[in-house]
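Asks: Protein chains in written order, with our numbering: chain A, 1 to 436; chain B, 437 to 572.
Treat the hints with care, as some may be off.
What the hints assert, rightly or not - Listed below are the simulated DSSO-like cross-link pairs for lysine-lysine, each with C-alpha atoms no more than 30 Å apart in a straight line:
{"hint": "1", "chain 1": "B", "residue 1": "Lys439", "chain 2": "A", "residue 2": "Lys187"}
{"hint": "2", "chain 1": "A", "residue 1": "Lys177", "chain 2": "A", "residue 2": "Lys220"}
{"hint": "3", "chain 1": "A", "residue 1": "Lys177", "chain 2": "B", "residue 2": "Lys540"}
{"hint": "4", "chain 1": "B", "residue 1": "Lys559", "chain 2": "A", "residue 2": "Lys220"}
{"hint": "5", "chain 1": "B", "residue 1": "Lys540", "chain 2": "A", "residue 2": "Lys235"}
{"hint": "6", "chain 1": "A", "residue 1": "Lys98", "chain 2": "B", "residue 2": "Lys559"}
{"hint": "7", "chain 1": "A", "residue 1": "Lys187", "chain 2": "B", "residue 2": "Lys454"}
{"hint": "8", "chain 1": "A", "residue 1": "Lys187", "chain 2": "B", "residue 2": "Lys536"}
{"hint": "9", "chain 1": "A", "residue 1": "Lys71", "chain 2": "B", "residue 2": "Lys439"}
{"hint": "10", "chain 1": "B", "residue 1": "Lys466", "chain 2": "A", "residue 2": "Lys205"}
{"hint": "11", "chain 1": "B", "residue 1": "Lys559", "chain 2": "A", "residue 2": "Lys205"}
{"hint": "12", "chain 1": "B", "residue 1": "Lys536", "chain 2": "A", "residue 2": "Lys308"}
{"hint": "13", "chain 1": "B", "residue 1": "Lys536", "chain 2": "A", "residue 2": "Lys235"}
{"hint": "14", "chain 1": "A", "residue 1": "Lys220", "chain 2": "B", "residue 2": "Lys462"}
{"hint": "15", "chain 1": "B", "residue 1": "Lys516", "chain 2": "A", "residue 2": "Lys235"}
{"hint": "16", "chain 1": "A", "residue 1": "Lys220", "chain 2": "B", "residue 2": "Lys454"}
{"hint": "17", "chain 1": "A", "residue 1": "Lys308", "chain 2": "B", "residue 2": "Lys540"}
{"hint": "18", "chain 1": "B", "residue 1": "Lys439", "chain 2": "A", "residue 2": "Lys205"}
{"hint": "19", "chain 1": "A", "residue 1": "Lys308", "chain 2": "B", "residue 2": "Lys454"}
{"hint": "20", "chain 1": "B", "residue 1": "Lys462", "chain 2": "A", "residue 2": "Lys98"}
{"hint": "21", "chain 1": "A", "residue 1": "Lys235", "chain 2": "B", "residue 2": "Lys559"}
{"hint": "22", "chain 1": "A", "residue 1": "Lys177", "chain 2": "B", "residue 2": "Lys536"}
If you're looking for bench data, these hints aren't it; they were derived computationally from the structure.
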Amino acid sequence: MINKNDIYSLEESLIRVLLDIYALSTKLPVALYDNLTDRLVWTTRSEVESPLCRYLMNDPDKNSICLNDHKRRCFSAKGMPEVCHAGLWNIAKPISIKGQDVATFITGQVRIDNEKKSKKSDEIFFEFIKDFSEPEKKKLQDLYKKTQKVEESIFTSRLMSCLADIQDYIEHLIYQKIYDDERRRHKIQNLSHDFLLIIQAILNKAENLKDEIEEGGRDKELAMMSEDVIRETLKLSYFIKNMIGSMMPEGEAESFYEPINTLELLNESISLFQNEACNKGVIIYPPRLVMVDKNDDNVTFPVIDACKDDLSRMFNNLIQNAVKYSYNGGPGSNRYVSVLASNTKDEFAVEISNYGVGIESDEIKTGRIFSDTYRGRHAEVERKTGSGIGLYEVKKILDRHSGRIEVKSDQYEVAYKTVVKVYLPNKTKRRNEKKF
Amino acid sequence: MKKNFRILWVEDDASVIKDQVRPLEKDGCKIDIAEDMMQVLSLMEVLGEYDLLLLDILIPDGSRKPTNLNSYVGVDLLYKIRALYPDLPVIVLTVVTDPKIQEKIYLGDVRRILPKGSCLPSKLRQAVYEELGVSV
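Same shape as in the complex, but just chain B:
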């Protein structure tokens, strides 16, 4: 069973929680990291080459300018991606529990929001394979 998937992980703190994707990497998955919205936008044309997007919601926009306290850059990014890639599987890994934001995420055709702070790497691995229709 193929497990060498290409995953784009949008996470500004990937250096702190890089072990989150270790089991996936051990399976042969290739994980690329983008730290802000601008980096993702620069990859927009090739985003279709990825099998799955793992997305954080609280990310910088990359402009290095002060942003609104209440802005959820990841949600804006999700909608931008959806406009071009309606079928790309997306999993959100975030600390955000605000139901209004969660509703916005689900409206962006996301089936899973995983809770950062209590998500074991094995749970993420399972969620990724379920999302890709692969048995673990």
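This is chain A alone, in the form it adopts within the complex:
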């Protein structure tokens, strides 16, 4: 099966170069329509555009008519000349790989020097402009006349042969990309499997060890140490999943939605980092629900439709960051991480605050903190290590769930108070159908 992102992630510049070569040699505009992501990639050679099309496409009230008509023709592409809604002749030619139509070339935007075809163009054009105002009609007629008229033989033979040439190159590019992506996905999956298998083996041994120490009434300290091994191993599992997530190109990872108990998930994340926080002299307070509106009935932690793995990683990332960038215990400053949630009819929000290493306002404003591998300036100075994928992953997860994020970081005496607030839609977005 060809993935929709196979085409989307193609080297767009290479495609454009090929489209430009085509446009320059035929003097005709061309676009590649990605059937699977509903996107049009146009040639950059605007000088070949029809003046009528340029005018219509630049008019915000009319360009959707043109776009919809382009798409309609792409979806039913037959590789034969046909007339657009404004009376201009085009050819839409599908690109098929492994029997699946993945993209469509669309080219033309001309009038044809043939009596029958000219008549058809005129009829459609005048039907199209009939409801416009008189000055607008005049303007459109003028542009229609200025649109180049080509001999029918040029339109069919020369254009078709040029199209066949670049079609070969583009098909090859798409095919190669699909092959490379398949191998890359397979590699990520294998790596993930190998890591997680070993982690699972350690977890099994650690928990069995803990249980059997407890059953035998033996040293409690040993049982606690086994518990630490379990916790650290679970953290490792989350790091691996984070790393694998960051290796997947944006838009490629999808989420499986199921009902999620938000309180349970928050508590799981907190318990994972509680020890680390304790060792720094920092307390992570239990999650608390704050009332947004007195008349609001949503006073409990909700069960929301989301991807459990995604949300768990998001909360882990946020709480881990809050702990990691909190200052160690000492006099005169706050030493806690708070987790406040609010629930309204539309959104469930979680606000995580800590006191410690801050983020500069320009890094927040420009969105740089959400870039892959980016580490805040203060973080770079004060904490030498860090992958810089935490907030990047959080943002990706929120985008997948139609959520949003707000970050604030203000200086308070010796530390910054940093507040990260994430919002998730509090309604069923999608529920995967199950048979039972």
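Guided by the hints, dock chain B onto chain A, whose structure is given.
Replies: Okay, now just chain B, sitting in the frame of chain A:
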């Protein structure tokens, strides 16, 4: 309360994560292991004797021939089993998080997909007993 259930565990890496089922074995459950699809198919006639199937999705088909990079043999196997044993409780333990594959698993009448890499043996034990309607 009966806890000497018969479980078939389809897992090619059982030697690495064998401790996953230790609490169940300690309870008296009998765990048989099949490492590939062919082994399971050879047991097809007696599969009804098992109380539960614990299934991995990324398993070899047993033919020792190269397989398609994108094939999920465990899903094909699940559908084959379902055709003959629609009521056999099945739990999937896998690293696969692809939602398209998860949907296919759920469509095979599976209620639980447990995440390999973060599934404690106690969680598996709890899931098995819940699936079999036994209190832990």
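Asks: State the violated hints by number, sorted upward, taking the hints as numbered earlier in the document.
Replies: 1, 2, 6, 9, 15 and 20
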